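Engineer: Residues 1 to 81, numbered by our numbering, are exactly what the sequence shown covers, in order.
If you are wondering where the hints come from, they were derived from the structure by calculation, not from laboratory data. A portion of the hints provided could be inaccurate.
[Claimed, not checked] With a straight-line Cα cutoff of 27 Å, these simulated DSSO-like cross-link-like pairs (lysine-lysine) come out: (1) Lys21 with Lys10; (2) Lys21 with Lys72; (3) Lys10 with Lys23; (4) Lys76 with Lys21; (5) Lys71 with Lys21; (6) Lys23 with Lys76; (7) Lys71 with Lys10; (8) Lys72 with Lys15; (9) Lys15 with Lys76; (10) Lys72 with Lys23; (11) Lys10 with Lys76; (12) Lys71 with Lys15; (13) Lys71 with Lys23; (14) Lys10 with Lys72.
Because the structure is a prediction, the values reported are computed rather than measured.
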Amino acid sequence: MSSRMEERLKEIVAKVLLIDKAKINDEMSREDMEEWDSMAHLMLVSEIESAFEVMISDDDIVEIQTFGDIKKVLRKLGVTI
1 MSSRMEERLK EIVAKVLLID KAKINDEMSR EDMEEWDSMA HLMLVSEIES AFEVMISDDD
61 IVEIQTFGDI KKVLRKLGVT I
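Use the sequences and the hints to build the structure in full.
Structural biologist: Structure, rendered in structure tokens:
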């Protein structure tokens with residue numbers, strides 16, 4: 001993902017999860033983060049859809065478990081890598 005786009009994605013994740021952007025990496029997962037609960041997940045999806053002008057399918061929403069998964073979904077939806 002281009003560094004500018006990844007930076008924007010990290011800003012969204014940090015804002016929604018109320019965490020430091022520096023802590024975000026591809027392996028960061030829902031399983032390991034108390035902040036990333038089901039409500040935060042839906043808010044995250046909504047913010048990403050709005051920021052990148054995409055529509056994430058229900059199947060993809062369920063499959064997203066890590067920050068790296070978010071990037072994969074965005075690539076699949078044609079967001080510039």
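Engineer: Next pair to validate is lysine 71 with lysine 21; report whether the Cα-Cα distance is within 27 Å.
Structural biologist: Between lysine 71 and lysine 21 the Cα gap is close to 16 Å, so the pair holds against 27 Å.
Engineer: Taken at face value, is the distance from the CA of lysine 76 to the CA of lysine 23 at most 27 Å?
Structural biologist: With Cα atoms ~25 Å apart, lysine 23 and lysine 76 stay inside 27 Å; holds.
Engineer: Is the straight-line distance between the alpha-carbon of lysine 71 and that of lysine 10 27 Å or less?
Structural biologist: holds, 10 Å
Engineer: Check the hint pairing lysine 10 with lysine 72 against an upper bound of 27 Å on the C-alpha distance.
Structural biologist: It holds: about 14 Å lies between the C-alpha atoms, which stays within 27 Å.
Engineer: Tell me if the straight-line CA distance from lysine 72 to lysine 23 falls inside 27 Å.
Structural biologist: Measuring from Cα to Cα gives roughly 19 Å; hence the hint holds.
Engineer: Is the Cα-Cα distance between lysine 21 and lysine 72 27 Å or less?
Structural biologist: holds, 19 Å
Engineer: Next pair to validate is lysine 72 with lysine 15; report whether the Cα-Cα distance is within 27 Å.
Structural biologist: At roughly 20 Å apart (the allowed maximum being 27 Å), lysine 15 and lysine 72 satisfy the hint.
Engineer: Between lysine 10 and lysine 76, does the CA-CA distance stay at or below 27 Å?
Structural biologist: Holds, at about 18 Å.
Engineer: Straight-line Cα separation of lysine 71 and lysine 23 no greater than 27 Å?
Structural biologist: Roughly 16 Å between the alpha carbons, so the hint for lysine 71 and lysine 23 holds.
Engineer: Given the hint that lysine 15 pairs with lysine 76, does the C-alpha gap stay at or below 27 Å?
Structural biologist: Status holds; Cα separation ~24 Å.
Engineer: Compare the distance between the alpha carbons of lysine 76 and lysine 21 with 27 Å, and conclude whether the hinted pair is satisfied.
Structural biologist: holds, 24 Å
Engineer: Starting from lysine 10, check that the Cα of lysine 23 is at most 27 Å away, please.
Structural biologist: holds, 9 Å
The structure shown violates none of the earlier numbered hints.
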